[in-house]
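Undergrad: Protein chains in written order, with the working numbering: chain Z, 1 to 395; chain V, 1 to 343.
Read the hints as simulated data drawn from the structure, not as lab findings.
Among these hints, one or two may not hold up.
[What the hints assert, rightly or not] Think about it this way: if two alpha-carbon atoms lie no more than 16 Å apart in a straight line, the pair counts; the simulated EDC-like pairs of lysine to aspartate or glutamate are:
#, chain 1, residue 1, chain 2, residue 2
1, V, Lys337, Z, Glu205
2, V, Lys232, Z, Glu27
3, Z, Lys162, Z, Glu27
4, V, Lys238, Z, Glu27
5, Z, Lys32, V, Glu212
[As the list claims (entries may be wrong)] Here are the computed distance ranges between Cβ atoms for each label pair:
#, chain 1, residue 1, chain 2, residue 2, range
6, Z, His385, V, Tyr170, 35 to 45 Å
7, Z, Val233, V, Ala112, 46 to 56 Å
8, V, Asn74, Z, Arg243, 49 to 59 Å
9, Z, Val167, V, Leu330, 30 to 40 Å
10, V, Ala56, Z, Gly159, 36 to 46 Å
11, V, Ala56, Z, Arg243, 33 to 43 Å
12, Z, Gln160, V, Tyr170, 36 to 46 Å
13, Z, His239, V, Glu304, 35 to 45 Å
14, V, Ile326, Z, Val229, 46 to 56 Å
15, V, Pro308, Z, Gly159, 49 to 59 Å
16, Z, His385, V, Val327, 28 to 38 Å
17, V, Leu330, Z, Ala371, 34 to 44 Å
Cβ atoms here follow ideal geometry from the backbone N, Cα and C, with glycine treated the same way.
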Amino acid sequence: MPDQNQNRRRSHGWMGIHRGHQARPLEWLAEKFIFLVSLSAILMVLLIFLFVAREALPVFLGQTNTALVQKPIPPDDLDKHSPAELQAYLELSPAQFAKMEKSTLRTLLEVKVEAQDEIPENFRKDPDAQANTTEWKYLLHPHQWSGYDHPESIWQPVGQIKKFNIVPLLVGTLKVTLIGLLFAVPLAVGAAIYVSQLARPRVREIAKPTIELLSGIPSVVVGVFALLVMASVLQGIFHYQTRLNAFVAGIALGFAVIPVIFSIAEDALTSVPRAYTQGALALGASRWQTAWQIVLPAALPGVFAATVLGFGRAIGETMIVLMVCSASVMSWSVFDSARSITTTIAAEMAEAVNGGPHYRILFMLGALLFAATFISNMIGDFVIHRFKNKLEGKR
Amino acid sequence: MNAQTTNARTETRHFRAEKFDFWSFFFSGLTGMATLFILGILATILLNIVINGWSAISWHFVSTIPKKDFFDANTTGVLPMIVGTAFRVIVMTIFVIPVGVITAIYLTEYAANTSLNTRIIRAAVNNLAGVPSIVFGLFGLGFFINFVGKNMDRGISNFGPSLDNILQKYLHIHLHLSASDSSPVWGQPALIWASLTLAVMTLPVVIVATEESLKAIPTGLREASLALGATKLETILKIVLPQALPGIMTGGILAVSRAAGEVAPILFTGVAYYMASLPGHLSDQFMDLGYHIFVLATQSPNIEQTRPILYATVLVLLMLTFALNIVAILIRARVRKKLRAMG
């Protein structure tokens, strides 16, 4: 009995590494190596988070400044200001700032004052020109821009005054994603019920891999199809104004999400113990009644997880939305154009100056997206895990 | 397992309710329609592309390097895009297969199934599979180009000349390491960074497929090998891995077909709008089929004229990814049949 215990402890080892290989150094080394390589997946998730967040950090710390007209710091006052102030004023990174000598800083300040002098007089009076549009209140709340009638949320990263309000992007993302899910979930779950519960084995064997083949179509190809064919067909049916809008993008997004939801939901429905089905059928229920009243409720957590994971997939889909609609309008209407977060990043990163405020904000949006999908993945995985455990426990 | 369920299912079909129930009929029909509708979408997309693309595809189209104006239907070609896509995918495979296979080996052969680090690794793999592709693009830009690449450039410009001297003096190799003084070589979008970004993205695909094939190998084989005196490492290298080879190939093919169609991760990490020559070096930029489709579809001056070449390019990409997918499915089917015959 004590012997067994010792063996068990040994086979688990420290952090899963088995001990007792000291007699065979090669084995021991190989095992350590394999363990270390297997940590790469964890490392990658951490690195993604770290480096996307690193590029976005200045936005969170308030170190970016887009104000065109700033209260100038005369070069003579160099010593009166703290290094942090100077660094923010000159739009330098800490590393750059640390390398600068006093004389270089002085020249930079002089250049800055000259640049300020060149701004036209009428522009100088514009309150917007003095605003740092990367502050949170400009990012999240509607603002009364000069030249507009009432406070508005605007994303307009080019031009003299850069407007970075992310609310239109959030609305656009939600709009497109929700349309996609509303279209995809009923279809995919319906098909999953049919394929797993009602279809003949032969139909099932053909239908399942064929539907999963849909996920093999690259999203640019779905985008092309939506752009050239679907947009016209849907406009013919619904007679709306703009040909390319959030509705078309959402439906096309649905195509990309259907295989994800289908295969997870189908998996969940199939894993419901057969005793449930047989019991219901033996009591005289029809196949549909069994599927709807017995199997679906039992597999509901799995179907829920499928929807959540589908949401994660839909919110991160880039190319389809990028090809179908791109204008950033603040509107909840389904038949207006919409611009999602992914689209914004893909379309604007090439123009953004490396390290500039626009670049930082795009990375911040990326971090936001990463957080959203991370959470939805976690929820989905957790629910599936519990669902499977429960089924196994009951058996 | 699969065969068993199928058999049992045909048996239960005899228990069908005798009374005709309208709502059952109606809803069964509805779910059947949903299935048909999805299959219909798939068929429509494929047929639309094949019918429109087939007439425009030709040997000339596939084997020509286009001039600067690639919207012209008569002189354009997609050779550099095919080469670029193939190149980036091959480089990706070199990185992703070893890492993915080793991780899968750890998860199935070494780690206890319920231990903490197995669970963490699995959670990380699942998460990696769900990260949006555009975030991988940002990661490639922030990590590979702005961090790794820039630091490589800095290192080369600092230590390159002296290293070059040493190499030349003792080994008679000249690497021209000092030539990169002025312009960045690695600290800019390049094929290697695009491939590495894609390798990170497809890591879960390889891990999951390999794990599946490793799990399908009967424990008896491992036990027999161990009983004959082979060590664990020998068992893995000589018994387990050869058996799992088709599964590993399937994983690799699925990863390749996924990566070949992705555009978002390479947007900022290496793709070029136009290049006059084929990519020849890992630090070159490249043209890409998927990105080219995007350009043709959205930036054409005359969409009616570019429509045929757009469809032809889509067909080329689709044939590439579908051919790979079908090969993967066939290998998988053969392996399953073999396993069924064995067990």
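Undergrad: Could you run down the list of hints and mark each one as holding or not?
TA: Status of each hint after checking the structure:
1. Taking the CA atoms of Lys337/V and Glu205/Z, the gap is about 15 Å. The hint holds against a cut of 16 Å.
2. For the hint pairing Lys232/V with Glu27/Z, the CA-to-CA distance comes to about 8 Å; that is within 16 Å, so the pair holds.
3. At most 16 Å may separate the alpha-carbon atoms for a hinted pair to count; Lys162/Z and Glu27/Z exceed this at roughly 60 Å.
4. A C-alpha spacing of about 14 Å is found between Lys238/V and Glu27/Z, which places the hinted pair at or below 16 Å, so the restraint holds.
5. The straight-line distance between the Cα atoms of Lys32/Z and Glu212/V is roughly 23 Å, outside the 16 Å bound, and the hint therefore fails.
6. For His385/Z and Tyr170/V, the hinted distance range of 35 to 45 Å is not satisfied, since their beta carbons lie about 57 Å from each other.
7. For Val233/Z and Ala112/V, the Cβ-Cβ distance of about 55 Å falls inside the hinted range of 46 to 56 Å, so the restraint holds.
8. Here the CB-CB span from Asn74/V to Arg243/Z is close to 29 Å, at odds with the stated 49 to 59 Å.
9. Taking 30 to 40 Å as the suggested C-beta distance range, the pair Val167/Z and Leu330/V does not conform, at roughly 49 Å.
10. One distance hint, 36 to 46 Å for the beta-carbon pair Ala56/V and Gly159/Z, holds here, with the actual separation near 41 Å.
11. Between Ala56/V and Arg243/Z the Cβ separation comes to about 24 Å, which falls outside the hinted range of 33 to 43 Å.
12. A C-beta distance of roughly 59 Å is found between Gln160/Z and Tyr170/V, which places it outside the suggested range of 36 to 46 Å.
13. The hinted range of 35 to 45 Å is not satisfied by His239/Z and Glu304/V, whose Cβ atoms lie roughly 23 Å apart.
14. With their beta carbons about 24 Å apart, Ile326/V and Val229/Z fall outside the hinted range of 46 to 56 Å.
15. At roughly 38 Å, the beta-carbon separation of Pro308/V and Gly159/Z lies outside the given 49 to 59 Å, and the hint is violated.
16. For the hinted restraint 28 to 38 Å between His385/Z and Val327/V, the CB-CB distance of approximately 32 Å keeps it satisfied.
17. Separated by about 40 Å at the C-beta atoms, Leu330/V and Ala371/Z satisfy the suggested range of 34 to 44 Å.
Taken one by one, the earlier hints fail for this structure at numbers 3, 5, 6, 8, 9, 11, 12, 13, 14, 15, listed in ascending order.
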